[in-house]
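The residues making up each chain are set out below.
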Amino acid sequence: MVDLSVDLGFLKLKNPVIAASGTFGYGLEFKPFYDLDLLGGFVVKGLYFKPREGNRPPRLVETPGGLINSIGLQGIGVEAFCREILPELAGLKTAVIVNVCGEEEDEYARVAEYLGRHQGIAALELNISCPNVREGGRCPAQSPEATYRTVKKVKRVTSLPLITKLSPNVTDITAVALAAEEAGTEAISLINTLLAMAVDLKTRKPKLGNVMGGLSGPAIKPIAVRMVFQVARSVKVPVIGMGGIFSAEDALEFMMAGAAAVQVGTANFVDPDACLKIIGGLTTWAEAHGLKKIREVTGSLMA
Amino acid sequence: MVDLSVDLGFLKLKNPVIAASGTFGYGLEFKPFYDLDLLGGFVVKGLYFKPREGNRPPRLVETPGGLINSIGLQGIGVEAFCREILPELAGLKTAVIVNVCGEEEDEYARVAEYLGRHQGIAALELNISCPNVREGGRCPAQSPEATYRTVKKVKRVTSLPLITKLSPNVTDITAVALAAEEAGTEAISLINTLLAMAVDLKTRKPKLGNVMGGLSGPAIKPIAVRMVFQVARSVKVPVIGMGGIFSAEDALEFMMAGAAAVQVGTANFVDPDACLKIIGGLTTWAEAHGLKKIREVTGSLMA
Amino acid sequence: MVIDRQARLVEVESWGDYFLFTFYSPEIARQAQPGQFLMIKVSENTQPLLRRPISLHNAEENQLQIFFQVAGTGTRLLSMKKPGESIDLLGPLGKGFSLQPELSGREIFCVGGGRGIAPLYYLARKLRSSGARPVIFYGGRSRTDLPLKNRLQTTGFEVLVSTDDGSDGFPGLVTSLVEAELKKRQPAYLYACGPDPMMEKLAEICRRKNLEAQFSLESIMGCGFGACWGCVRKIRRNGQEKYLKVCQDGPVFPLEEIVWQESNDG
Amino acid sequence: MVIDRQARLVEVESWGDYFLFTFYSPEIARQAQPGQFLMIKVSENTQPLLRRPISLHNAEENQLQIFFQVAGTGTRLLSMKKPGESIDLLGPLGKGFSLQPELSGREIFCVGGGRGIAPLYYLARKLRSSGARPVIFYGGRSRTDLPLKNRLQTTGFEVLVSTDDGSDGFPGLVTSLVEAELKKRQPAYLYACGPDPMMEKLAEICRRKNLEAQFSLESIMGCGFGACWGCVRKIRRNGQEKYLKVCQDGPVFPLEEIVWQESNDG
Ligand SMILES: Cc1cc2nc3c(=O)[nH]c(=O)nc-3n(C[C@H](O)[C@H](O)[C@H](O)COP(=O)(O)OP(=O)(O)OC[C@H]3O[C@@H](n4cnc5c(N)ncnc54)[C@H](O)[C@@H]3O)c2cc1C
Ligand SMILES: Cc1cc2nc3c(=O)[nH]c(=O)nc-3n(C[C@H](O)[C@H](O)[C@H](O)COP(=O)(O)OP(=O)(O)OC[C@H]3O[C@@H](n4cnc5c(N)ncnc54)[C@H](O)[C@@H]3O)c2cc1C
Ligand SMILES: Cc1cc2nc3c(=O)[nH]c(=O)nc-3n(C[C@H](O)[C@H](O)[C@H](O)COP(=O)(O)O)c2cc1C
Ligand SMILES: Cc1cc2nc3c(=O)[nH]c(=O)nc-3n(C[C@H](O)[C@H](O)[C@H](O)COP(=O)(O)O)c2cc1C
Ligand code: FES
Ligand code: FES
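Note that the protein sequences, when read in sequence, are chains A, B, C and D.
Per my numbering, residue 1 is the first one in the first sequence, and the count goes up by one each step.
Per my numbering, residue 1 is the first one in the second sequence, and the count goes up by one each step.
Per my numbering, residue 1 is the first one in the third sequence, and the count goes up by one each step.
Per my numbering, residue 1 is the first one in the fourth sequence, and the count goes up by one each step.
Hint data in this document are derived by calculation from the structure and do not stem from the laboratory.
Where hints are given, some of them may not hold.
[As the list claims (entries may be wrong)] Simulated restraints on C-beta separations: (1) B:K93 to A:E182: 53 to 63 Å; (2) B:K293 to D:N62: 38 to 48 Å; (3) D:E11 to A:T284: 34 to 44 Å; (4) D:E11 to C:A71: 30 to 40 Å; (5) D:E11 to B:G116: 26 to 36 Å; (6) D:E11 to B:R233: 51 to 61 Å.
[Claimed, not checked] Straight-line Cα separation of at most 25 Å, BS3-like style, residue types lysine-lysine; simulated pairs: (7) B:K293 to A:K205; (8) B:K14 to B:K293; (9) A:K293 to B:K14; (10) B:K236 to B:K153; (11) C:K209 to C:K234; (12) A:K202 to C:K201; (13) C:K95 to C:K183; (14) A:K205 to B:K12.
[Stated by the list, open to error] Derived, one-sided and incomplete: chain D residues facing chain B with beta-carbon distance under 10 Å: (15) M80; (16) A227; (17) C231; (18) Q248; (19) P254.
Each residue gets a CB set at the ideal place from its N, CA and C atoms; glycine is no exception.
Here chain A stands alone, though its shape is the one from the complex:
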């Protein structure tokens, strides 16, 4: 029997597969498809303090091998989340991770502090990397300084472990990762989406109501693997890799490149049970390769 468990230090996961924020609703949406306890964990959709309307539709465009979204973090806000959703997630035997957003740096701390007063949250994922909220797709994760400040502020108000989620829209991903580590993040997750755009020739307008959006899916996987590789060599905290993972083989690429765990995003839309299939595929692969513990794959790339 293959041991799929991984230990992030601050958090033990029964397997390395985590459903990614914004692609897994509040978790409940997937209950009809399988037992959520089978997951390593899941990250709920990004939460601001207040409810948010999100961006003008259309919000989705398909591109070759990819999907551009400009949801704009529509959501119910942290209070409604703690009141209405969190109780429904209580009792789950999987890591429930909450994705924390903020219009400015202080809001991240407010949301984190509020969440810290509640039970049933395994960790916070700081979404300092959403390209769909500010003008021109800007976000704190595009600057090591803003990253450092934001992580620091959040650390001060909560004892929940922090996973800082990085943006690929940067010149030097390792500089941002190092800043997050220095500020005390317990882990780093990457990548969020790549800022992108598509034009409708018929209307001569952008295909997205919000003009630009974030590209996810298989198209971005090679960029994500590269960034995970670079970051994993630079920091000591565990790295959670994502970007276009659709199969166990994709997940293994990220793990070899240095990821201790992975997140699965867009694949959940295409196959609601994508995470399960990937978990199954990891076991199959490990067995075929005579591997006892999946965690031995992490960083095993010979480069």
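Following the hints, put chains B, C and D with the ligands in place on chain A, whose structure we already have.
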């Protein structure tokens, strides 16, 4: 009859379709397929002063909708180019553009100066954005300062018009574009490839001999269109857009987003006559839309 | 809501760009309601990446039917499937038409434009079996865009057709035909599915005539089951305008809730 | 070098994972030489993105043949094409085997491992018609990996087969069979195509026996006609080691030029 010509100010093209550097050999490779005079222009493969061996194979990996290459600018060097190739290109009635490389900033100027002493070159394209040469994929186009310095140095030694080619591996593409403009570039072309990587699960090694490479093809088109859109709104010099153009419709997306002309790269491998088909498609589209001049498409996006 | 990875394509009928598929998919058929839809996997690889939303055209015993028009890559791939192949279906999804019990015995307009006819056959059958009297309006550009006309008629429905080019039935838009009929009859309710401009015009007519109605909307969908927030449209509910999910809160909405200005115009 | 977008697939033969395709493609057939290859478009969309290199297995009058094994996505898509379909071929590409005139009348070894047999049939036919006596070595893992054995024999060639598992012919590697035969005969030349480890071993044998040879190499190709510099392998020529293009300078190289350490090991 549709007027396909475009005027970049320093250069008139009979149509907006230019074959991209590194995907069109030295031009001669495509003579068996069609009359090169039909092109708006073509950019020859990047040239250093000296001949270069390029990177260790394997040098190519396919990814969903994309291609990662790590050629590493293998080439014959500028002297052999001027001696052996340039005479063969003499007499062509299309814009021959030479892609200029350098290990350090001064080499760009040396190559440019050498080329400036020869006839038959319509413009230089400064390749300050190749991710396949320096350690970790770094290049001058990742810093506005290095971009400014490099362009400035080259301007000083040649009167040939300069097209500065930008890298997408940056936090703020407009800052780099503005630096190039300030240093006096006559035009800006973008994007070069995105730094990427793929892992071979069987060997547990990177699939590329050089570990990382540059991602091109349809997968990157949405990122490229976004960057062209951002740059075209920021600078006054003409913008030449590229990244995943495989059809006339793709080219039109870039033009609406602000490109005065486009370059076609990876598509040349799949269809040696891709540029021709795209030129034909532009005429068809213009006719169907009652457009007399293709240049009216540039920047016509309503956003 | 079920993933049926092995729904067998039993029968294919086609008329030009229009296709009628019959699947064997007992579990989905058992749960199905008119107005609900499927998310269909059209490709084995990532091109296109996403499933495609297609309404239930009918569900009976162990079988499902869909009726669709080739609109782009995804529907073209779907149209190339052959009887005997297995197709991966996710469904039934969304909230279908709600059938008011008090409509029994009354005349009810079901207005479909183009491929929008798809969900109305199933609806009309349910309406009839619950005692109401559906009148189907079926509009298309030309006579070749009305491939289901015979099927609807031979099933015994009253069918009024219109064509923009006048090649069959009422010459003009289906909305004009509805308006003309509203001068003669007083239906108790109206259901509609079609392109946004048609529906917006119908909404105006219904409001003018004080006719209650439900419309089935389209939207580009990422998941189809509420996980992505990609499919929203602006809906007026409890005095507030918000972005609601077409896949979960719809695709059918009462007329008065739909805010037309914010429709997908991409 | 021609782009034939409409090469008609005339006939398909298959044995498990192995396929023999016959195309009608007069222009390419007219220019073809043994050892040259085609770049074949296997997909209508971008998955996979690139054409696939496949050797010419034969060319006669207006027809071409290829013999290939399903190795991944691209060759699987290719294998699904049906007679009557049109396929987009680019070719003939590369420098084929060079046939030394002085070999006339002499015995010549043609060694193919697995799918590497593909170009050797065409070569052997040319050798024979130029007066030489080709002996074909055909190695595979098991007897089911030797689908062309009969075809080669019935065409009148001397064919020596080997299988790793001993299920047909010589039990063991084809290189061992070659070594064994070299104890009995003295061929004038050797041509080979197969997996790198086989070729490297053969190179060692040839060097030891002072046997001149040409090898057809594989490499991942971007374009197939010299435009991308993606397919290079390290070659020793004029006393210098350089990266040469397999697609243009090869795929066939004289034994002594090939530098094995730098082979594609990705
Ligand atoms: C709930 C629902 C039920 C539907 N039921 C049916 C049905 O029963 N029969 C039928 O023929 N069609 C139906 N559609 C529309 C169908 O989903 C689209 O035609 C299809 O997704 C287009 O995919 P494609 O790959 O063929 O085209 P693409 O190449 O993706 O796009 C072609 C054109 O269609 C538009 N489009 C893409 N996706 C959608 C979408 N989800 N809705 C509307 N327009 C879209 C694009 O913007 C583009 O202009 C339904 C849509 C929804 C949301
Ligand atoms: C000049 C030349 C002639 C060839 N002739 C034949 C032939 O006659 N018959 C035949 O069956 N095969 C031949 N091949 C090999 C054939 O091109 C590959 O098997 C094919 O490209 C694999 O594509 P795929 O999409 O099926 O596999 P992929 O999914 O792309 O890859 C499957 C495996 O094959 C490897 N591979 C990918 N491309 C190549 C390549 N170009 N060369 C070698 N390995 C590759 C990959 O690294 C991977 O391990 C030839 C290759 C070359 C370079
Ligand atoms: C529709 C959609 C919504 C998303 N919303 C969020 C979000 O709320 N918070 C967040 O941190 N990331 C969000 N993401 C990014 C994903 O979590 C993930 O980082 C990205 O999509 C790359 O992974 P993938 O290619 O597997 O989807 C969203 C992605 C998509 C496609
Ligand atoms: C194999 C290969 C080699 C390339 N070599 C060069 C080069 O020498 N100089 C350069 O400026 N860009 C080079 N590029 C980048 C292309 O010119 C182009 O910027 C990029 O590929 C994006 O366009 P595409 O998606 O149409 O290919 C190369 C790209 C490829 C795929
Ligand atoms: S389609 Fe994903 S929420 Fe509606
Ligand atoms: S395959 Fe492009 S140069 Fe050889």
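Evaluated hints:
The hinted window of 53 to 63 Å between B:K93 and A:E182 holds, with their beta carbons roughly 59 Å apart. Distance hint for B:K293 and D:N62: a CB-CB separation of about 45 Å, consistent with the stated range 38 to 48 Å. Between D:E11 and A:T284 the C-beta distance comes to about 39 Å, which sits within the given range of 34 to 44 Å. Take D:E11 and C:A71: their Cβ atoms lie about 37 Å apart, and the range 30 to 40 Å holds.
In this structure the supplied range 26 to 36 Å is violated for D:E11 paired with B:G116, their Cβ-Cβ distance being about 58 Å. Taken as a hint, the range 51 to 61 Å holds for the pair D:E11 and B:R233, whose Cβ atoms sit roughly 57 Å apart. Restraint check for B:K293 and A:K205: the C-alpha separation of about 20 Å stays at or below 25 Å, so the hint holds. For the suggested pair B:K14 and B:K293, the alpha carbons sit about 12 Å apart, so the restraint of at most 25 Å is met.
Proposed proximity of A:K293 and B:K14 is contradicted: the alpha carbons are some 62 Å apart, above 25 Å. Straight-line distance between C-alpha atoms of B:K236 and B:K153 comes to about 21 Å, which keeps the hinted pair within the 25 Å bound. In summary, the hint linking C:K209 to C:K234 is supported, as the alpha carbons are separated by about 24 Å, within the 25 Å threshold. Between A:K202 and C:K201 the alpha-carbon distance is near 23 Å, which keeps this suggested pair within the 25 Å criterion.
Between C:K95 and C:K183 the CA atoms are separated by roughly 32 Å; this puts the pair beyond 25 Å, and the hint is violated. Between A:K205 and B:K12 the alpha-carbon distance is near 28 Å, which puts this suggested pair outside the 25 Å criterion. Among the interface hints, the one on D:M80 is violated; its C-beta lies about 19 Å from the nearest C-beta in chain B, farther than the 10 Å criterion. Hint status for D:A227: holds, given a least beta-carbon distance of 4 Å to chain B, under 10 Å.
Annotation: interface hint on D:C231 holds; nearest CB of chain B at approximately 8 Å, less than 10 Å. Below 10 Å, beta-carbon pairs count as interface contacts, and D:Q248 has one with chain B at about 8 Å; its hint therefore holds. Evaluation of the D:P254 hint against chain B yields a violated restraint, the C-beta minimum of about 20 Å exceeding 10 Å.
Violated hints, listed in ascending order, are 5, 9, 13, 14, 15 and 19; each of the other numbered hints is respected by the structure.
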